[in-house]
Amino acid sequence: MAGKLNPYRKYYPEYVNPNAIRRIHLKDAAMVELLRVESPSSMFVRPKDHIRDQLIVREPFKMTPITDIREGVFALAPLDDRVFGRCVIVKNRELLELCRVFFIDEAITANVSWKCLFQIAEKDLCHPWQAMHITLGRITSLTLRYLSSCACYQKVVN
Numbered sequence: 415m416a417g418k419l420n421p422y423r424k425y426y427p428e429y430v431n432p433n434a435i436r437r438i439h440l441k442d443a444a445m446v447e448l449l450r451v452e453s454p455s456s457m458f459v460r461p462k463d464h465i466r467d468q469l470i471v472r473e474p475f476k477m478t479p480i481t482d483i484r485e486g487v488f489a490l491a492p493l494d495d496r497v498f499g500r501c502v503i504v505k506n507r508e509l510l511e512l513c514r515v516f517f518i519d520e521a522i523t524a525n526v527s528w529k530c531l532f533q534i535a536e537k538d539l540c541h542p543w544q545a546m547h548i549t550l551g552r553i554t555s556l557t558l559r560y561l562s563s564c565a566c567y568q569k570v571v572n
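Take the sequence shown: its position 123, counting from 1, is numbered 537 in my numbering, and each next residue is one higher.
These aren't lab readings, by the way, just hints derived from the structure by calculation.
DSBU-like, lysine-lysine: derived pairs with alpha carbons at most 30 Å apart:
1) K505 to K476
2) K537 to K462
3) K462 to K569
4) K505 to K537
5) K529 to K476
6) K476 to K537
7) K505 to K529
The task is simple: from the sequences and hints, build the whole structure.
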């Protein structure tokens with residue numbers, strides 16, 4: 415049994431990517447701002463006390479072009495004119511010499527040229543994703559009574 419994988423174990427050190435940026439795991443209620451709604455079962459939120467502004471890189475800043483362009487690699491890509499944000503490469507389109515990237519602090523997906531991808535500074539790799547993916551599946555009251563805060567939340571989402 416020592417050599418077999420235990421599917422109930424929560425942590426597999428042999429499968430952990432040391433270069434991956436970890437995500438925030440919520441254990442309790444949190445004050446968040448809504449970033450993007452794809453459907454009721456797919457939303458992106460960000461905590462109110464986020465540090466997104468500290469994770470953005472503005473030019474002029476010495477940046478090194480990325481050399482490893484493949485899916486799952488983290489990089490800096492342009493968000494706006496002379497403003498760069500952290501992203502993960504979702505799809506590499508070699509024929510067009512561009513990548514489909516997901517900005518992990520903004521919940522935005524964009525196509526970016528290979529020439530516009532840069533390496534993330536070591537100090538920015540330790541901060542978790544600021545955008546969190548959540549779902550509103552199977553929400554119901556156990557007592558069949560809804561609080562006024564739940565009604566307000568439903569108005570905001572709808």
